[in-house]
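A.B. asks: Each chain is listed here by its residues.
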Amino acid sequence: MRLAYVHLPRFALAVEARLNPRLLQAPTIVYDRPGRRGDNCVLEASSELAGVYPGQPLRKARAAYPHAIFVLANVLLYREVSEAILRVLEQVGPQVELAEQGCAFVDIGGLDGHYADAFSLAKKLVDVVQQETGLLPSVGIAEGKFVAYVAARLCVPGDAGVVPLGRERDFLYDKPVSLLPVSPEVIEHLHTLALHTLGDIAGLPQSAVEAQYRAVGRRMWELAHGIDREPLRPHRAQELLSEQLTFDSPIVANEALVMASRHVLRRLAGRLDRRAARTMHLQVLAGDRLLWERLETFREATSDGERMAFIVKTRLTALLLTEAADTLVITLSGIGREPARQPKLITDAHPQIASLADAIQQIHARYGRPVVWRAVEVDPCSRHPEERAILIPYDA
Amino acid sequence: MFTTSGRTGDPDTVRRLNAPRRLRVETGGNGTPRRIYHRGRWLIVTQERERYRTDDRWWTDHPVSREYFELLLEDGRPITVYLDRIDGSWYAQRYG
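Chains as they are written, first to last, in the numbering used here: chain A, 1 to 396; chain B, 1 to 96.
Hints listed in this document are in silico derivations from the structure and should not be mistaken for laboratory results.
Please note that a few of the clues may not be correct.
Stated by the list, open to error - Per label pair, the in silico range of CB-to-CB distance:
1. A:Ala215 <-> B:Trp58: 50 to 60 Å
2. A:Ser382 <-> B:Gly76: 53 to 63 Å
3. A:Arg369 <-> B:Arg39: 24 to 34 Å
Beta carbons are placed, not taken as given, at the ideal position from N, Cα and C, and that holds for glycine.
Please model the complete structure; the sequences and the hints are all you need to start from.
C.D. replies: Printed below as a string of structure tokens:
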């Protein structure tokens, strides 16, 4: 499958630099607080800051580079820009898959006739992204995801790399193994075995790589040969129902958030209109900054507002806000028909149970002794049947 | 060999489910039931479906030793009976 990979390296940093161009001139670290306790972690760092990596505790990065510029991540903004990139790419090729934030694969099969050559098509992709977001991507065009990715990674922003059909293995031959989508430990291990390039791996028998690294080995060997069967999973626009509540003054009390969530859910329930939602996205914001978010996936699609409210209450009660919030947003997705469910003939909540219990009580009162009994398991694994269960009066 | 049926228990107390019920049994030469006295009449055993023995708690003062028979009676009714090898009595028991 002929694909284009649109690559925006250090996406968060690039988006922040759009607002503050000074960040491009100085070593910068973008950090976030994804931890449960609100620990600050590195999200991205300028290339010159060696030893700083995503997920690293911020205090370590700060100790190593105290003079760097530290920027708190604006996750919502990055998501917004990412979606904008998807939208404009879909205008060029309808099948687009978001790879990571700011980066996407585009199926370019059948587009050849519309452009003079592959480079014109790549230029078109660069242009639409730049016009929409002000960011300058690089583009790789090749057969399969991995080769397109490598081609884009090796280009400078604004440039494009095109790998002709059938030349994938030659193209990858001298490329470093660090481009493989495997863990850093595997990459390090490959280097200890003097396997530094993809050509080194491609030169080995498949069985040898597979014996050493199992399934990962097979995938590495295939990728080194330019074989990538990973299909494109197109991004599909889906219906979202979103409601938000903004507080007059910022709040930190969880109870207030819970009360607000009930109000928001009532509004959402009205919009659901007898349909059911599969997922619920909770977000707590301070201004336009995301303080906390959580995605809840229901076991089966539901339209039950009470059930949603219970889940929201559980999450919000356990939430530790590190600063005052001013907006609560709840978004429902996976909207569809509610699955049919076979109800129980008699449930505990059923009025028949109450009237049955009442009737049994009356019979017991009339005869002055228990008449209806309830079987209770005592030793269900006993070899003697009479020891497995007992009967006790129904109202006991 | 003949035995008599017994009480099933006091209805005002907690009861055992599937409690054994004594019954009268006529056995053949090899000790297998031939006829069973059930609801006022003798019924012939037409088929012996299964026969097995359980021995338990032999290390206590109340050992259990039973020989179970799963039988089919002449009216088509299946029944499970056992011979208590300690007191020599026959019992019917639902095996559920």
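A.B. asks: Decide, hint by hint, whether the structure agrees.
C.D. replies: Structure-based check of all given hints:
no.	hint	result
1	A:Ala215 <-> B:Trp58: 50 to 60 Å	holds (56 Å)
2	A:Ser382 <-> B:Gly76: 53 to 63 Å	violated (30 Å)
3	A:Arg369 <-> B:Arg39: 24 to 34 Å	holds (25 Å)
In summary, the structure is inconsistent with hint 2 from the numbered list given earlier, while agreeing with all the others.
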